[in-house]
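Given the coordinates of chain A, work out where chain B should sit on it, guided by the hints.
What follows is the residue order along each chain.
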Amino acid sequence: MKDAAKSNALHFGVLATLLVLFFVLPPYHAGNLSRIMVLAIYAMGFNLVFGYTGLLSLGHAMFFAAGMYGFGLTANLAGWPVVLAFATGIVCAAALAAVVAALALRTAGVSFMIVTLMFAQTAYLVVLYFGEYTRGDEGFVVQKAARMIGEIDLTTDTARFFAAYILFAICFQGLARVIQSRFGRTLVAIRENEERTRMLGYDAQRHKLYAMILSGAVSGVAGAAYAMLFGYVGATFASVQYSIFPLLWVLLGGAGTTIGPLIGVLFMFYLIDFSSSFTNAYMLIAGVALVLLTLFAPHGLAGLVRRKVFAWLP
Amino acid sequence: MEFGPHLMLAALEGAVTAAILALTAMGLSIVFGVMRVVNVAHGEFYMLGAVLAWWVATVLGTHPAIGFVAALIIAPALVGGIAMVADRLVLKRVAYDADRTIVATIGMLYIIQQTTLMTFGPDARPVEPPFNTRLALPWFEWGENGFAMFWPWGLSTTSYKLFVIAAAAVVLVALWLVITRTKAGLLMRATQQDSETAQAFGVPVGRVYSLVFGLGAGLAALGAVLVVPIQQAHYLMGHDPLLLSFIVVIIGGLGSLPGTVIAALLIGMSDGIISVFFSPTLAKIIATLLVALVLVFRPQGLMGRAQT
Chain A
1 MKDAAKSNAL HFGVLATLLV LFFVLPPYHA GNLSRIMVLA IYAMGFNLVF GYTGLLSLGH
61 AMFFAAGMYG FGLTANLAGW PVVLAFATGI VCAAALAAVV AALALRTAGV SFMIVTLMFA
121 QTAYLVVLYF GEYTRGDEGF VVQKAARMIG EIDLTTDTAR FFAAYILFAI CFQGLARVIQ
181 SRFGRTLVAI RENEERTRML GYDAQRHKLY AMILSGAVSG VAGAAYAMLF GYVGATFASV
241 QYSIFPLLWV LLGGAGTTIG PLIGVLFMFY LIDFSSSFTN AYMLIAGVAL VLLTLFAPHG
301 LAGLVRRKVF AWLP
Chain B
1 MEFGPHLMLA ALEGAVTAAI LALTAMGLSI VFGVMRVVNV AHGEFYMLGA VLAWWVATVL
61 GTHPAIGFVA ALIIAPALVG GIAMVADRLV LKRVAYDADR TIVATIGMLY IIQQTTLMTF
121 GPDARPVEPP FNTRLALPWF EWGENGFAMF WPWGLSTTSY KLFVIAAAAV VLVALWLVIT
181 RTKAGLLMRA TQQDSETAQA FGVPVGRVYS LVFGLGAGLA ALGAVLVVPI QQAHYLMGHD
241 PLLLSFIVVI IGGLGSLPGT VIAALLIGMS DGIISVFFSP TLAKIIATLL VALVLVFRPQ
301 GLMGRAQT
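Sequence order for the protein chains is A and B. In case it helps, our numbering puts the first sequence at residues 1 to 314. In case it helps, our numbering puts the second sequence at residues 1 to 308.
Hint data in this document are derived by calculation from the structure and do not stem from the laboratory. Since we're looking at a predicted model, the values are computed, not measured. Among the clues, some could well be false.
Below 20 Å or equal to it, Euclidean Cα-Cα: the simulated SDA-like pairs (lysine to any residue) are [as the list claims (entries may be wrong)]:
1) 6/A x 181/A
2) 6/A x 173/A
3) 92/B x 289/A
4) 92/B x 296/A
5) 92/B x 297/A
6) 92/B x 181/A
Sample of chain A residues lacking proximity to chain B, with all beta carbon distances greater than 12 Å (derived) [as the list claims (entries may be wrong)]:
7) 7
8) 11
9) 22
10) 31
11) 144
12) 188
13) 197
14) 209
15) 214
16) 269
17) 286
18) 305
C-beta atoms are modelled at their ideal positions from N, C-alpha and C, and glycine is treated no differently.
Just chain A, with the same shape it has in the complex (with noise of 0.2 Å):
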């Protein structure tokens, strides 16, 4: 099988694996399933521009928040149809990111994070400045009219199974697209060397604009399905630890990878959900995971079996 043929196949694995999970789990894992693909999505948003074009953001909650407010926002208080709602949250989420990518690409290394972080960190104090309608920290519960599309109850474990599991798919087959095509190789080549692509004739400033707003885009489509799924909205979505999980979660998973934001999530999951059974300090596992992954794997797991037994891997 030729590589592009064995990506392919192991895509649709993946959805196939799920799908078939969801009948075969009891419902409480099958419940967590619906979760991790909606973080999931948010993580692949994130691995697009950190995996793909080599740009540390620390602000991508910004993008996940502005969806989720403008879904939350729009359904709850204007009582908009929950599709147009849902679009409004991506594309808050898309012009968010183009303002701030606009702004936030004039630096490099070390000053991307920091404006990044620093614009993530205004989004969050904006959040707070208008509590009035966001209700600050304590967040917002969404109406159940909001969570309806047409006869379909979103709040049932299947219909939200089923609409997590549907965006997830058009997302992970989409940025897989995306990564295979010209545009998405040209990020690549922008990762390794961003010079030479430019010396190519590449404009490599507005690939990473795109690959910016795209990112944005589908960290949006996280952000408002979370909201319209599991029917909370709060500040807490918007900080800056909101900022750091995706960067775990593709740093475990494998940065640079179609199935390691998966991965990543789903592990990282699991451990939280295990160690919070006996203690509070749940973070103190992240925080372990962060620094030996730094130093021993740093290519995270999907990129360990890269090296060592599937070259191929996409």
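Only chain B this time, still in chain A's reference frame:
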């Protein structure tokens, strides 16, 4: 209170914030200047300083002054030691690569913070100040009877707050002398300018890195020990100092020491004054946004030179 005395009170509070901030940000600035790494765990070293100060004061349990002086020496030394171990165990092994160091220090942030949560607990705990006399301040004004001095109600500070400002100034001057006048400072500056050439001339660059990382953490801890009698020790207290230190270091110019002090004064004073007159959240929004824009449009900061 009228506007004038109110402003003076705000400025005094701002000066205390600025003094602490100058120490904390100086630690971050030295580490960045010499090692070219961003230490995201810096705020946690600050928190650790405060928590250890509480621990030392409680264990000794004698007169507050003795506990405080002991904490002033022991806490920064311990924190510096922990930082040096962290440098040896982690940062050295990732070869001070910029991206990987950031990820590793984010990991260290959570390890320190959550370990403190497990041992120290989620409560905020106070340390008694060694002395705390309330000093009323006079206000001068041209009134009906010409120039008059009176004592407005509420316009006062404490002797401890004045001590904090003086102590921070002394430490900063001492640090300046160490860097510019001693052999250790010379080695630091040599490493900062060109670590490879310094190594070729026999400077133990690895040891300089460890010491600088320890010194940076120790400065943060010292700031925290000074602040803990005013503000209680809490396991999440490292967050704001980290962001503010980042802001100060960036505005001052990454790695520029005089710039750091000036920026700390600027940010600390304006933070104090703006928070008194406006909503603190709005003040923070404006400050963070401004910093981001400074970095975008003037990446070398106010005092820094353009990097080549």
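For a C-alpha distance cap of 20 Å, please report whether residue 92/B and residue 297/A respect it.
Roughly 16 Å between the alpha carbons, so the hint for residue 92/B and residue 297/A holds.
Interface-negative label, residue 22/A against chain B, beta-carbon threshold 12 Å
Label holds. Min Cβ-Cβ 32 Å, cutoff 12 Å.
Interface-negative label, residue 305/A against chain B, beta-carbon threshold 12 Å:
holds (20 Å)
Assertion that residue 144/A lies farther than 12 Å from chain B (Cβ):
Answer for residue 144/A: holds, closest chain B Cβ roughly 32 Å.
Using Cβ atoms and 12 Å as the threshold, tell me whether residue 31/A really stays out of contact range of chain B.
Given that every Cβ of chain B is farther than 12 Å from that of residue 31/A, nearest at about 27 Å, it holds.
Quick one, are residue 92/B and residue 181/A close enough, alpha carbons at most 20 Å?
Status violated; Cα separation ~39 Å.
Does the no-contact call for residue 11/A survive, Cβ to all of chain B over 12 Å?
Residue 11/A clear of chain B: closest Cβ-Cβ about 28 Å, beyond 12 Å.
Holds or violated: residue 92/B to residue 289/A, with C-alpha atoms at most 20 Å apart
At roughly 18 Å apart (the allowed maximum being 20 Å), residue 289/A and residue 92/B satisfy the hint.
Taking the closest pair, is the beta carbon of residue 286/A still more than 12 Å from chain B?
violated (5 Å)
Residue 92/B paired with residue 296/A [C-alpha distance capped at 20 Å]
holds (13 Å)
Given as non-interface: residue 209/A, partner chain B, CB spacing beyond 12 Å
holds (14 Å)
Do the alpha carbons of residue 6/A and residue 181/A lie within 20 Å of each other, as the hint requires?
holds (16 Å)
In this structure, the earlier hints numbered 6, 17 are contradicted, and the remaining ones agree with it.
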